[in-house]
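**Student:** Residue numbers (my numbering), protein chains in the order written: chain A, 683 to 970; chain B, 163 to 524; chain C, 28 to 386.
Any given hint could be a false lead.
Below, computed lysine-lysine pairings styled on BS3-like, alpha-carbon distance capped at 25 Å [as the list claims (entries may be wrong)]:
#1 Lys329/C / Lys331/B
#2 Lys203/C / Lys331/B
#3 Lys691/A / Lys776/A
#4 Lys691/A / Lys870/A
#5 Lys218/B / Lys331/B
#6 Lys776/A / Lys329/C
#7 Lys887/A / Lys776/A
#8 Lys331/B / Lys87/C
#9 Lys691/A / Lys314/B
#10 Lys889/A / Lys870/A
#11 Lys887/A / Lys870/A
#12 Lys314/B / Lys275/B
#13 Lys53/C / Lys87/C
#14 Lys870/A / Lys87/C
Just so you have them, the derived chain B footprint on chain C, three or more residues with Cβ under 8 Å [stated by the list, open to error]:
#15 41-51
#16 127-139
#17 161-170
#18 335-341
Worth flagging that the hints you see were computed from the coordinates, not collected in a lab. By construction, the Cβ of each residue, glycine as well, lies at the ideal position given by its N, Cα and C atoms.
Listed here are the chains, written in short residue letters.
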Amino acid sequence: MSGRTPNQKAWWLVLPVVVLVAFNAVIPLMTVVNYSVQETFGDNQFFFEGVTWFEQILHSSRFHDALQRQLLFTAIILAIEIPLGVAIALAMPKRGAWASVCLVLMAMPLLIPWNVVGAMWNIFALPDIGLLGHSLNALGFDYNFTRQPFSAWSTLIAMDVWHWTSLVVLLAYAGLSSIPDAFYQAAKIDGASAWAVFRYIQLPKMKRVLMIAVLLRFMDSFMIYTEAIVLTGGGPGNATSLLSIDLVKIALGQFDLGPAAAMSLIYFLIILLLSWVFYAVMTRDEAH
Amino acid sequence: MTRPGLELRGIELRVDGQTHIHPVDVALAPQGFNILLGPTLAGKTTLMRLMAGLLKPTAGELWFDGRNVTGVPVRARGVAMVYQQFINYGHLSVFENIASPLRVARASRDEIKARVGRIAELLQLSPLLDRRPAELSGGQQQRTALARALVKDAGLVLLDEPLANLDYKLREALRDELPRIFADRDCTVVYATTEPTEALLLGGHTATIHEGRVTQFGATSDVYRRPADLLAARAFSDPPMNCAPVLKRGGRFELADVTSWPAERGLAALTDGPYTCGLRPHRVQPLAGGADGAIRVEGRVAIAEISGSESVVHFDLRGQTWVSQSHGVCGYDVGATAAFGLDVSRALYFAPDGRCVGSAED
Amino acid sequence: MARISLRNLRHCYRHNPAAESDWALKRFELEFPDGSANALLGPSGCGKTTLLNIISGLLKPSEGSVWFDERDVTSLAPDAREIAQVFQFPVVYDTMSVYDNLAFPLRNRGVPGDAVDRRVREIAAMLDLGDMLDRRASGLTADGKQKISLGRGLVRSDVNVIMFDEPLTVIDPQLKWRLRSKLKELHRRLGITMIYVTHDQTEALTFADRVIVMNDGIVVQAGTPVDLFERPQHTFVGHFIGSPGMNLLPATLDGGVTRFAGHAVQMAAAPGAAPVGAQLQIGVRPEFVSFAGTGIPVNIEKVADAGRFRVVETRHEQSTIRLLVGEDTPLPSERAFLRFDPSFTYLYADGWRQGGEPG
Chain A
683 MSGRTPNQKA WWLVLPVVVL VAFNAVIPLM TVVNYSVQET FGDNQFFFEG VTWFEQILHS
743 SRFHDALQRQ LLFTAIILAI EIPLGVAIAL AMPKRGAWAS VCLVLMAMPL LIPWNVVGAM
803 WNIFALPDIG LLGHSLNALG FDYNFTRQPF SAWSTLIAMD VWHWTSLVVL LAYAGLSSIP
863 DAFYQAAKID GASAWAVFRY IQLPKMKRVL MIAVLLRFMD SFMIYTEAIV LTGGGPGNAT
923 SLLSIDLVKI ALGQFDLGPA AAMSLIYFLI ILLLSWVFYA VMTRDEAH
Chain B
163 MTRPGLELRG IELRVDGQTH IHPVDVALAP QGFNILLGPT LAGKTTLMRL MAGLLKPTAG
223 ELWFDGRNVT GVPVRARGVA MVYQQFINYG HLSVFENIAS PLRVARASRD EIKARVGRIA
283 ELLQLSPLLD RRPAELSGGQ QQRTALARAL VKDAGLVLLD EPLANLDYKL REALRDELPR
343 IFADRDCTVV YATTEPTEAL LLGGHTATIH EGRVTQFGAT SDVYRRPADL LAARAFSDPP
403 MNCAPVLKRG GRFELADVTS WPAERGLAAL TDGPYTCGLR PHRVQPLAGG ADGAIRVEGR
463 VAIAEISGSE SVVHFDLRGQ TWVSQSHGVC GYDVGATAAF GLDVSRALYF APDGRCVGSA
523 ED
Chain C
28 MARISLRNLR HCYRHNPAAE SDWALKRFEL EFPDGSANAL LGPSGCGKTT LLNIISGLLK
88 PSEGSVWFDE RDVTSLAPDA REIAQVFQFP VVYDTMSVYD NLAFPLRNRG VPGDAVDRRV
148 REIAAMLDLG DMLDRRASGL TADGKQKISL GRGLVRSDVN VIMFDEPLTV IDPQLKWRLR
208 SKLKELHRRL GITMIYVTHD QTEALTFADR VIVMNDGIVV QAGTPVDLFE RPQHTFVGHF
268 IGSPGMNLLP ATLDGGVTRF AGHAVQMAAA PGAAPVGAQL QIGVRPEFVS FAGTGIPVNI
328 EKVADAGRFR VVETRHEQST IRLLVGEDTP LPSERAFLRF DPSFTYLYAD GWRQGGEPG
């Protein structure tokens with residue numbers, strides 16, 4: 683039934699977006715690609731190196747370690763934040779004044795600048811004067827996130843969970859509120875248990891938003907930098923040197939622009955690949 | 163004051179090799195309703211969009227008031243359209259909704275006020291002008307949409323099933339009003355509907371449409387009483403028309419295993435052979451006592467429906483389903499056997515190719 | 028299966044009802060006999076869905092009680108009432124197969140597997156779902172999904188009542204009439220008390236043996252389809268049922284004689300004495316008005332051809348009177364006289380029919 687007259691002028695409307703994307707994505711990316719195949723010693727002198735930097739990085743144990751830490755970190759925070767977010771969303775009131783109050787409270791951590799989050803947790807967790815650090819030590823735990831890798835990891839994860847679980851809550855809550863009352867009424871009349879309501883009504887209806895939540899949390903946690911660098915600076919030693927932190931150390935600490943550029947690209951490709959895998963797996967069901 | 167109105171000359175639409183609209187040659191009546199009658203997806207909306215200029219025909223020409231407008235863009239044509247969904251600007255008051263086409267046309271304040279006032283009066287919206295569409299009933303929302311279509315005095319007004327989404331009482335009220343609303347307006351009105359009763363009550367002219375083909379166009383009651391073919395007759399029957407295969411032999415029509423009746427008047431001249439006998443549901447009446455002139459048959463009730471003041475019964479007669487429609491409320495038990503009278507004196511007869519070859523009225 | 032009685036029922040959604048109009052349901056009594064097919068018919072906002080939710084237990088009435096047979100269930104939760112309900116929009120469990128959807132209410136109540144299987148297949152066959160039992164519910168059309176909802180409502184044989192809340196809203200018009208009469212047939216076969224809520228007169232009158240017409244929070248008439256058509260108890264019923272609706276004409280009553288614009292009009296029942304100061308109206312359906320040699324003089328204003336009959340609009344002074352004239356009956360010239368069939372002409376005072384039941 684369709685059959686609109688094509689109007690070529692419409693392409694001009696796309697132009698601003700094309701220009702914008704070119705400036706903030708394509709051009710910087712191409713610069714990085716350019717650096718990644720060359721060596722420089724300053725003075726704007728460049729020597730072509732081909733894929734040397736890529737080979738070097740892919741074979742370096744430092745990169746492997748950072749990648750492993752990164753994967754572990756992401757896996758842990760996904761395993762905590764997604765179920766926790768869903769649980770909180772389920773427990774929130776569905777309507778009325780309290781629903782708005784809860785939503786505002788939930789949104790607060792998301793509104794705090796990332797470096798402030800890092801600084802807050804740093805002070806909060808300081809073993810001598812921080813409320814958390816001091817309390818833990820007073821309770822007999824041997825806690826010092828600047829010295830012990832385990833403490834550093836726990837603090838980092840606690841901070842991320844505090845900062846980002848809200849996002850999952852908000853998305854899950856949106857998914858839940860799209861379920862018409864009739865579904866709950868029907869379930870009541872059908873004699874369904876609370877678990878059955880969750881399994882057959884709430885979870886299927888939340889599936890789409892949860893997919894987005896997982897994808898967003900995956901990408902963001904994989905790229906975490908600001909909060910972590912402010913909190914632990916990658917330490918103690920290299921214990922919390924996640925990929926992004928390591929990358930900055932190479933690029934700006936050692937000024938190895940070539941290897942850093944190559945590492946950036948590899949990092950970028952890993953995220954792209956994993957995101958795609960996630961997406962493909964999660965949407966597989968809907969294909970048929 | 164006869165204007166030529168809208169004329170479709172060989173209008174045709176093909177998309178990707180598929181024919182969506184078969185060539186149409188129709189000169190619409192400049193006064194009264196031009197009704198497009200056909201089931202869902204028959205091509206009514208497509209035809210309307212061709213008339214409006216929203217779609218470009220593959221072939222053919224569109225003439226309006228004696229002018230070829232085939233290539234003229236919609237905006238330059240003076241066309242107004244009302245849809246099945248109540249389409250209004252939710253953030254504007256009823257007044258602003260109605261005034262919007264005039265604002266686009268840069269009419270003066272005073273003129274807008276006067277014209278909106280007049281139209282609101284006509285559509286009984288005057289007390290509601292300050293409200294938002296969401297605060298109105300479905301009928302009032304559709305009146306607002308109608309007012310917006312009428313306020314700009316377009317030469318061609320297209321109404322695409324405007325009553326379909328209303329509850330039946332509101333539908334009834336607005337349907338009664340429509341002829342009055344359009345009575346003094348100098349515009350060609352096209353009205354699409356799936357309901358034969360709506361077409362009949364609105365009067366005017368009707369084009370029956372079947373799978374992208376205009377099967378007949380003429381004065382509404384003519385199309386209803388003298389259909390050109392089986393398709394046109396079927397489009398104009400709800401509940402569906404009874405179509406029974408009959409055999410004409412020796413001056414009589416035979417309905418296999420059931421009955422036979424004499425071929426009277428003009429029908430006697432038909433050559434012997436198979437025909438389809440079309441009997442509208444109200445020609446099949448439940449029989450309480452004797453059959454006065456009608457042929458008595460007995461069938462098993464399959465479906466019985468009551469719609470306020472009418473009863474519709476589907477019954478099974480030797481493996482074929484027949485439908486009876488009668489006035490008043492009569493309850494039937496499904497599965498029971500009941501007697502019906504077939505008033506064959508008012509039957510339509512169709513040749514095997516679908517052409518209507520005669521009705522007892524001729 | 029049960030007889031359902033609503034006693035002294037009243038409901039208001041607000042906490043402190045001030046005016047009479049605050050009540051969504053105004054006080055009434057109603058009984059649904061065991062095994063009956065009932066319809067609640069009325070325009071949107073008349074309180075029919077509120078009533079339904081009170082019966083199912085999704086809503087607790089402000090006043091009054093709900094009884095299933097001899098048991099007061101007013102404070103019981105929906106799942107404790109042993110009822111089934113079908114909603115306006117399809118409610119299906121997307122991740123389950125059609126079979127599992129139908130089996131869900133049975134399994135939740137621990138019905139043994141083979142009994143579940145037998146019942147699911149039986150219901151599926153009745154609704155023509157037999158060949159799609161293994162399909163996933165999410166892939167079906169709106170029609171198909173609504174059939175599953177219907178199936179889930181019908182699958183339990185031990186329920187007290189099955190309730191339908193505008194169940195055919197999403198069904199394609201071509202399929203509607205099929206399902207309409209299917210539901211009627213299912214009621215015959217299952218023999219369970221059913222309550223069907225709708226604003227569509229065809230659905231209500233086709234399905235139910237007893238139609239309860241509601242308007243503005245009250246029951247205006249409960250009766251058979253024939254009652255509603257031939258003996259409307261309230262002007263609203265006369266207007267709402269039938270198309271076109273009943274003619275309502277201003278009337279006066281003196282000495283037992285009802286008059287319309289000075290002309291005496293014979294009624295189906297002696298009106299007796301009407302309440303003082305009440306608005307009096309004569310109600311007669313267009314079906315029961317005909318042209319005659321004498322009677323009420325009118326001018327013919329408009330004739331609409333509906334094919335099998337014509338709707339003729341006539342006028343006497345300020346009043347419009349419509350009548351239906353058969354396709355083959357000739358119309359009189361512009362000036363004509365009308366006769367009202369006395370067996371179907373009633374006097375209404377403030378909307379309510381006056382006088383006893385006619386013979």
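**Student:** Now tell me, hint by hint, if it's right for this structure.
**Tutor:** The hints, checked one at a time:
{"no.": "1", "hint": "Lys329/C / Lys331/B", "verdict": "holds (20 Å)"}
{"no.": "2", "hint": "Lys203/C / Lys331/B", "verdict": "holds (19 Å)"}
{"no.": "3", "hint": "Lys691/A / Lys776/A", "verdict": "violated (47 Å)"}
{"no.": "4", "hint": "Lys691/A / Lys870/A", "verdict": "violated (55 Å)"}
{"no.": "5", "hint": "Lys218/B / Lys331/B", "verdict": "violated (38 Å)"}
{"no.": "6", "hint": "Lys776/A / Lys329/C", "verdict": "violated (56 Å)"}
{"no.": "7", "hint": "Lys887/A / Lys776/A", "verdict": "holds (15 Å)"}
{"no.": "8", "hint": "Lys331/B / Lys87/C", "verdict": "violated (32 Å)"}
{"no.": "9", "hint": "Lys691/A / Lys314/B", "verdict": "violated (29 Å)"}
{"no.": "10", "hint": "Lys889/A / Lys870/A", "verdict": "holds (22 Å)"}
{"no.": "11", "hint": "Lys887/A / Lys870/A", "verdict": "holds (17 Å)"}
{"no.": "12", "hint": "Lys314/B / Lys275/B", "verdict": "holds (13 Å)"}
{"no.": "13", "hint": "Lys53/C / Lys87/C", "verdict": "holds (15 Å)"}
{"no.": "14", "hint": "Lys870/A / Lys87/C", "verdict": "holds (15 Å)"}
{"no.": "15", "hint": "41-51", "verdict": "violated (count 0)"}
{"no.": "16", "hint": "127-139", "verdict": "violated (count 0)"}
{"no.": "17", "hint": "161-170", "verdict": "violated (count 0)"}
{"no.": "18", "hint": "335-341", "verdict": "holds (count 3)"}
Of the numbered hints listed earlier, those contradicted by the structure are 3, 4, 5, 6, 8, 9, 15, 16, 17.
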